[in-house]
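Visitor: Each chain is listed here by its residues.
Number of protein chains: 2
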Amino acid sequence: MITVLYAHPYPNRSIACKALVEAIRPLEGVEVRTLYDLYPDFDIDVPAEQAALEATDALVLLHPIYWYSAPGLLKHYLDVVFVKGWAYGPEGTKLQGKDCLWVATTGGDDEAYSGSGRHEQPFGQFSQPMRQTARYCGMRWLDPFVLHASHQIDAAALAKAAEQLRQRISELKKP
Amino acid sequence: MITVLYAHPYPNRSIACKALVEAIRPLEGVEVRTLYDLYPDFDIDVPAEQAALEATDALVLLHPIYWYSAPGLLKHYLDVVFVKGWAYGPEGTKLQGKDCLWVATTGGDDEAYSGSGRHEQPFGQFSQPMRQTARYCGMRWLDPFVLHASHQIDAAALAKAAEQLRQRISELKKP
Chain A
104 MITVLYAHPY PNRSIACKAL VEAIRPLEGV EVRTLYDLYP DFDIDVPAEQ
154 AALEATDALV LLHPIYWYSA PGLLKHYLDV VFVKGWAYGP EGTKLQGKDC
204 LWVATTGGDD EAYSGSGRHE QPFGQFSQPM RQTARYCGMR WLDPFVLHAS
254 HQIDAAALAK AAEQLRQRIS ELKKP
Chain B
104 MITVLYAHPY PNRSIACKAL VEAIRPLEGV EVRTLYDLYP DFDIDVPAEQ
154 AALEATDALV LLHPIYWYSA PGLLKHYLDV VFVKGWAYGP EGTKLQGKDC
204 LWVATTGGDD EAYSGSGRHE QPFGQFSQPM RQTARYCGMR WLDPFVLHAS
254 HQIDAAALAK AAEQLRQRIS ELKKP
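Top line first, the protein sequences correspond to chains A and B. For the first sequence, our numbering begins at 104 and goes up steadily by one. For the second sequence, our numbering begins at 104 and goes up steadily by one.
Be a bit skeptical, because a hint or two may be false.
[Unchecked claim] Partial selection, computed: residues in chain B whose CB lies under 8 Å from chain A: (1) Pro112; (2) Tyr113; (3) Thr137; (4) Pro174; (5) Leu181; (6) Asp182; (7) Pro232.
The hints are simulated quantities; they were obtained by calculation from the structure and are not laboratory data. As the structure is a prediction and not an experimental result, all values here were calculated from the model. Positions of the beta carbon are idealized from the N, C-alpha and C atoms, including for glycine.
Only chain A is shown next, with the shape it has when bound in the complex (with noise of 0.2 Å):
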């Protein structure tokens, strides 16, 4: 079982974030939550969450970069959610030994994700919080899947991008 936390505030908007959704949610032993459908006011339910993560193997977190990170609602939920007793600290081992795969997407390409970028720095640098969150709760951390520029690629090469997802996810699935 994998469980996809999609958070996109607007996915209505959204082009790049919805054919990557969309191309693995037919997958068997998929599961999308889609997080601002769930909670547009915020109001997470904290034990339903917790139950839907125990049960799954495999974590993937599907939302577009804002401002070098999550967006709020995902921030919120890691708060409430990945607490202590149950993500971390003494008997908290919900979440020990499960894949985590992180699958973001960017408005900039590989030149803004430079020393001499607007961003300043390589996507990588980034990373670091989402990274560690997932590591200090005993997930393994898998190689993030990023689509940079996803507002401006075209049809094709967006569609290549959603079959490397799906091979990334089917692959999860192996024990």
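With the hints as your guide, set chain B onto chain A.
Guide: Structure of chain B alone, referenced to chain A:
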């Protein structure tokens, strides 16, 4: 004028952040906006916040570190207040030239934030998203004020830290 965005999800449980914010609240020209009190339902009044920030010379982000970054409400704030056409992009110049001071409390000591510690990285590695957010909006990113091991700190050390922060904030006010 200095605007403090104070974001503690559980202000009644706070010791360190509370001491820091109370040390600077009485300073002339300092306005504290307590985000979790103002917006318990995450329903941020964007025009009011933008007006407050436009009127300020310096922005102080003061919060405990949750999962290596800002608590969810502050992240949501950045998503909805720091928008294109206001904070960046064409005509998005409203934050340009303002000072930005990040004041963060953590639960780990220096050893925890090292290659051999449980957070695996120096704390500075986790500051990139916030730093770059400020810089992308044209703000001047100041040397962050970080108080480690803030839940274990004794009263004298906390008072000293609070005084150091008050000094930093007082210096901000000088042109």
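Visitor: Would you list, in rising numerical order, the hints stated earlier that this structure does not obey?
Guide: 2, 3
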